[in-house]
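Chains as they are written, first to last, in this note's numbering: chain V, 501 to 860; chain Y, 501 to 860.
Some clues are possibly wrong.
No more than 20 Å apart at the CA atoms, straight line, and that leaves these computed lysine to aspartate or glutamate pairs for EDC-like [claimed, not checked]:
1. 820(Y) to 845(Y)
2. 530(Y) to 772(V)
3. 530(Y) to 553(V)
4. 530(V) to 509(Y)
Hint data in this document are derived by calculation from the structure and do not stem from the laboratory.
There are 2 protein chains.
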Amino acid sequence: MNAEDLAQEHIRSLSPYAAGFQPQGDGWTKLNTNESPYPPAPGVAAAINGELDRLHLYPDPTSSGFRRAVARHCGIGEDQVIVGNGSDDILNLLVRVFGGPGRLTGYTIPGYSLYPTLIAMGGGEGWAIEFDRSMTLPVASIVASATQLFFLTSPNAPTGVVFANALISEVLRSYPGILVVDEAYADFSGENAAALLADHPNLVITRTLSKSHGLAGLRVGYGLASPGVIDLLDRVRDSYNVNRLSQAAALASIADQNHFKANLARVLKTRETCSTFYRDLGWFVYPSSTNFLFVEPRDGSGRTGPGVSESLFEFLMAKKILVRRFPSHALTSGFLRFSVGADSEMRILNQAVQSWLRKE
Amino acid sequence: MNAEDLAQEHIRSLSPYAAGFQPQGDGWTKLNTNESPYPPAPGVAAAINGELDRLHLYPDPTSSGFRRAVARHCGIGEDQVIVGNGSDDILNLLVRVFGGPGRLTGYTIPGYSLYPTLIAMGGGEGWAIEFDRSMTLPVASIVASATQLFFLTSPNAPTGVVFANALISEVLRSYPGILVVDEAYADFSGENAAALLADHPNLVITRTLSKSHGLAGLRVGYGLASPGVIDLLDRVRDSYNVNRLSQAAALASIADQNHFKANLARVLKTRETCSTFYRDLGWFVYPSSTNFLFVEPRDGSGRTGPGVSESLFEFLMAKKILVRRFPSHALTSGFLRFSVGADSEMRILNQAVQSWLRKE
Numbered sequence: 501m502n503a504e505d506l507a508q509e510h511i512r513s514l515s516p517y518a519a520g521f522q523p524q525g526d527g528w529t530k531l532n533t534n535e536s537p538y539p540p541a542p543g544v545a546a547a548i549n550g551e552l553d554r555l556h557l558y559p560d561p562t563s564s565g566f567r568r569a570v571a572r573h574c575g576i577g578e579d580q581v582i583v584g585n586g587s588d589d590i591l592n593l594l595v596r597v598f599g600g601p602g603r604l605t606g607y608t609i610p611g612y613s614l615y616p617t618l619i620a621m622g623g624g625e626g627w628a629i630e631f632d633r634s635m636t637l638p639v640a641s642i643v644a645s646a647t648q649l650f651f652l653t654s655p656n657a658p659t660g661v662v663f664a665n666a667l668i669s670e671v672l673r674s675y676p677g678i679l680v681v682d683e684a685y686a687d688f689s690g691e692n693a694a695a696l697l698a699d700h701p702n703l704v705i706t707r708t709l710s711k712s713h714g715l716a717g718l719r720v721g722y723g724l725a726s727p728g729v730i731d732l733l734d735r736v737r738d739s740y741n742v743n744r745l746s747q748a749a750a751l752a753s754i755a756d757q758n759h760f761k762a763n764l765a766r767v768l769k770t771r772e773t774c775s776t777f778y779r780d781l782g783w784f785v786y787p788s789s790t791n792f793l794f795v796e797p798r799d800g801s802g803r804t805g806p807g808v809s810e811s812l813f814e815f816l817m818a819k820k821i822l823v824r825r826f827p828s829h830a831l832t833s834g835f836l837r838f839s840v841g842a843d844s845e846m847r848i849l850n851q852a853v854q855s856w857l858r859k860e
Numbered sequence: 501m502n503a504e505d506l507a508q509e510h511i512r513s514l515s516p517y518a519a520g521f522q523p524q525g526d527g528w529t530k531l532n533t534n535e536s537p538y539p540p541a542p543g544v545a546a547a548i549n550g551e552l553d554r555l556h557l558y559p560d561p562t563s564s565g566f567r568r569a570v571a572r573h574c575g576i577g578e579d580q581v582i583v584g585n586g587s588d589d590i591l592n593l594l595v596r597v598f599g600g601p602g603r604l605t606g607y608t609i610p611g612y613s614l615y616p617t618l619i620a621m622g623g624g625e626g627w628a629i630e631f632d633r634s635m636t637l638p639v640a641s642i643v644a645s646a647t648q649l650f651f652l653t654s655p656n657a658p659t660g661v662v663f664a665n666a667l668i669s670e671v672l673r674s675y676p677g678i679l680v681v682d683e684a685y686a687d688f689s690g691e692n693a694a695a696l697l698a699d700h701p702n703l704v705i706t707r708t709l710s711k712s713h714g715l716a717g718l719r720v721g722y723g724l725a726s727p728g729v730i731d732l733l734d735r736v737r738d739s740y741n742v743n744r745l746s747q748a749a750a751l752a753s754i755a756d757q758n759h760f761k762a763n764l765a766r767v768l769k770t771r772e773t774c775s776t777f778y779r780d781l782g783w784f785v786y787p788s789s790t791n792f793l794f795v796e797p798r799d800g801s802g803r804t805g806p807g808v809s810e811s812l813f814e815f816l817m818a819k820k821i822l823v824r825r826f827p828s829h830a831l832t833s834g835f836l837r838f839s840v841g842a843d844s845e846m847r848i849l850n851q852a853v854q855s856w857l858r859k860e
């Protein structure tokens, strides 16, 4: 008997999602998974310590304290919020409810590369719409797609380009499915889609505390939607999906808006400086509304392309500088994605880039 | 447009799992969800504090430190272990891989009541096999069932009865599907099925740190199986399912076997004393291999049954003593489940039971 033969066919043929490399040792300049270089709010450690004598007790199953704080922060009802073990948890629930066998789920290329994996896990079909280099939102293609669910990363990953609410509204007005606006990076942008929730019951917004709140290690994200959609997502949610320490930490983090805004300002300042640095080298850099830069390396001879970006990637890796490349698609294969780290980390990166330029 | 109409049919008709009531205020004697009354190992708090300056970094995606420790503890390979956000996470992954549309998944009544919810979430069919009051394992019925996946809680919940390895082997030898032995409570028993893994690639064991390790608030569980089955489960696992603090805490907890064994001994001693107390009242009490007692209350007039157990449940609830009842099935509706708490909590419970007896 071969136990593996008992698995569902679509699982046996599934390629697992490739998460960014997470080195566990020291000495790395880690600019590959868009973590915050700054510590979370000081209240976070205190909140975690305040829970240590209750570790033996199950957490609040609906994360109600944090849920209430998010609702207040966004000016919506508590019944419009669901809290997840990272926003990946919410994305997974969305596929379980609105995707599945015999259903078509849309996403864009480029976009967050987890979507096609989640769709395949659920046994549904994926429908990819490709951006061209201008990164103009293909409103008509989304609206005309036969999908029941569509994932749009805005600001987009890995390009960093944000889509204006005016365009998202245009999709929502005509698209007959559920549009998920994945706002993992929206805190770094001037724009987010929360104001559109009131008029569009088919809008779902997902967010994470992993990036702008500096809490990637804790796995907290949330979804915003109409109460009816939240109720459906709740039915497939694990009863205790977010643990006691993560709930307490998330609540403390969202409560300290001063710390949050100060860190945000530092990231935006560094992003600006680095954008200028790479543009001054003559590189194409997408306008970033995130905490990363998507750059098209140009070598000393003025060449660009997949070979050039790979050469720089390997050069940086040899110096223990981790960045991210996306070799599987023509639009992204000539680029690299650099997380916006601390100024000291960006100096290490930029100096390494200059060494590479001299070497090439 | 009604967004809810876009959901998959089996999700729209899903009844969500009813988790045990988790009161967030003080003053409760909480004996309803089998949490440990004792603090976790002292090293747990230190391990959590040791991670506080790395909260901004993603956790190890495969929980490799804890996974290695579990493998060593169980005398199996690291590739035979998967770590979950509670063992519920692993149970969910099992249904995603081996359940699903057009498939039949088995479970027993009574048993952990999450299984039918997970099966329904996955769009598959459930196949329940009912125990009779003797709680004899229906080996032939399991083997003859047309299921591809079967969940067996051993020790059983909510009765507390353990099934001997000899019987589980008998199932494994002839059952052509995946047998999941859910050992959430096995630490409280003299028996567990780990030794059967070597000979049976169709055996999966799930365990949790929520009960015997006193870490319900942290959500850590694990699964043990053949490398091929673990690989399949890993494909549908969220990349960062267990957060940084939970991984560190779990590792510290499993490393301190002295603390673990001391707490276990206290639970077993209290369980013994309480079993005797209820048997001395003339109540039927299942032999418990867990940290709870499943008792059949008998009122002052010698009556038993659903009305009697409900009367005691309500009486206790009014005194802020939380226990659990299982009214949906004839075999369990006349019973109540009492978690084995600290001796002081059991005194409060036992005194309340005596008041109820005088009142009835």
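Verification of the hints:
As the CA atoms of residue 820(Y) and residue 845(Y) are separated by approximately 12 Å, the hinted pair is consistent with the 20 Å bound. Restraint check for residue 530(Y) and residue 772(V): not satisfied, since their Cα atoms lie roughly 54 Å apart, outside the 20 Å limit. Our distance criterion of 20 Å between C-alpha atoms is met by residue 530(Y) and residue 553(V), whose separation comes to about 15 Å. Taken as a hint, the residue 530(V) and residue 509(Y) pair is broken in the structure, with Cα atoms around 44 Å apart against an allowance of 20 Å.
The structure is inconsistent with the numbered hints 2, 4, although it conforms to all the rest.
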